[in-house]
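Q: Sequence:
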Amino acid sequence: MALQSRLMSMEHVGKSWHALEPLATAGSGDGLVGLRVDPVTPQRADVVMFPARELSPSVPMVIQQSPPSARILSSPGFGGAVARIAVRLFDSDGNPARLETQFQNPQNSQWQAAALTTIDGVPAASIPLLSAPPTGATHQIVWNAAKNLAANFMGTVQLRVRGSDFSDIGNWSDATPYLVDLTPAVDTDGDGMPDDWEVANGLNPNLNDAAADRDGDGSTNLEEFLNGTNPNDAGSAKYSPASMGLMRSSRRLPTKRSTTRARSFQLRPHLSAD
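Numbering (my numbering), first residue to last: 2 to 275.
I should point out that these hints are in silico values taken from the structure, not numbers from a laboratory. Be a bit skeptical, because a hint or two may be false.
What the hints assert, rightly or not - Derived Cβ-Cβ restraints for the label pairs, each shown as a range:
hint : residue 1 : residue 2 : range
1    : 136       : 22        : 28 to 36 Å
2    : 180       : 50        : 52 to 60 Å
3    : 172       : 52        : 20 to 28 Å
Said to hold, decoys possible - Listed next, the in silico DMTMM-like pairs over lysine to aspartate or glutamate satisfying Cα-Cα at most 20 Å (straight line):
hint : residue 1 : residue 2
4    : 148       : 101
5    : 148       : 182
6    : 148       : 31
Idealized CB from N, CA, C, for every residue including glycine.
Please work from the sequences and hints to get the whole structure.
A: What follows is the structure in C-alpha cells.
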C-alpha cells in the first residue's frame with residue numbers, strides 16, 4: 002500500500018478523527034498523527050501528521066468530538082414475539098456508532114436491556130458499528146420481546162435507545178411507547194411463521210415453506226421472518242455498516258491552533274469495514 006504525500010491546509014472543521022496518537026520524531030520531540038475522515042466521502046481516510054514544532058504544550062487545545070444521538074421512530078409502533086423497531090442515529094462528526102436499547106415493563110419501573118436479535122440484519126451480539134451521518138441514518142433492530150416479557154403478555158412498554166462512539170456515550174432518547182402482543186399467533190402449517198405474516202408477504206399459510214428462499218438471497222423464509230427482513234427483497238438482508246472500521250482512540254491530545262499547513266497522506270486503496 003503506497004502513501005501519497007501532499008500539502009493541505011489545516012481546515013478540519015466538519016471532519017471526524019478516528020485516531021490520534023503521538024509520533025516520536027528524532028531530536029524534535031513528539032509529533033501527532035491521526036486518521037481524518039470527511040463524512041461526505043467516508044470511503045477515504047487522510048493520515049494527517051502534525052510535526053512537533055506545530056504542537057505546543059503551553060497552549061492546550063482538544064479536538065472536541067460530540068457523542069451520537071438516537072431516537073426511536075413512531076412506525077412501526079407495535080410488534081409481537083419478534084418486534085421490529087426503527088431507530089434514527091445521528092452524529093454531528095459523522096463518526097460510526099453503536100446502539101444500545103432498553104425497555105420498561107409497565108409492571109416494573111426499572112429499565113432493562115432489550116434482548117436484540119439483529120441490527121440491520123446483522124447479529125446484535127456482534128455489536129455492529131452503524132453509520133451515523135450528521136443528517137441521520139435509519140437502522141432496523143429486531144427485539145426478542147418474548148425473551149424479555151411474560152408469556153401471553155399484551156400491553157404497552159416504553160423503549161429508549163442511545164448511541165456511543167469512540168469519543169463518548171450519548172444520552173438516552175425520550176421514552177417511546179410500543180405495543181407488544183405475545184398472545185399465541187395462528188400458524189396453520191406449523192412452519193414457525195404466523196399466518197398473517199405469510200399472507201402479508203405473499204406466502205402460503207397452509208404450506209410449510211420455512212426452508213424455501215423466495216427471493217434467492219441465501220436466507221430462508223423463516224430466517225427472513227426471524228431477522229425482520231423482507232422475504233421478497235434480496236436487498237433487505239443487507240445492512241448499513243459504518244463505512245470506516247478504523248482503529249479508534251479516546252485520547253484527546255493537546256494541539257496548537259495554527260493556520261499553517263500540515264503534511265497529510267492519502268491511503269490507497271480505499272479502506273473498508275471488512
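Q: For each hint given before, does the structure comply? Return the numbers of the non-compliant ones in rising order.
A: 3, 6
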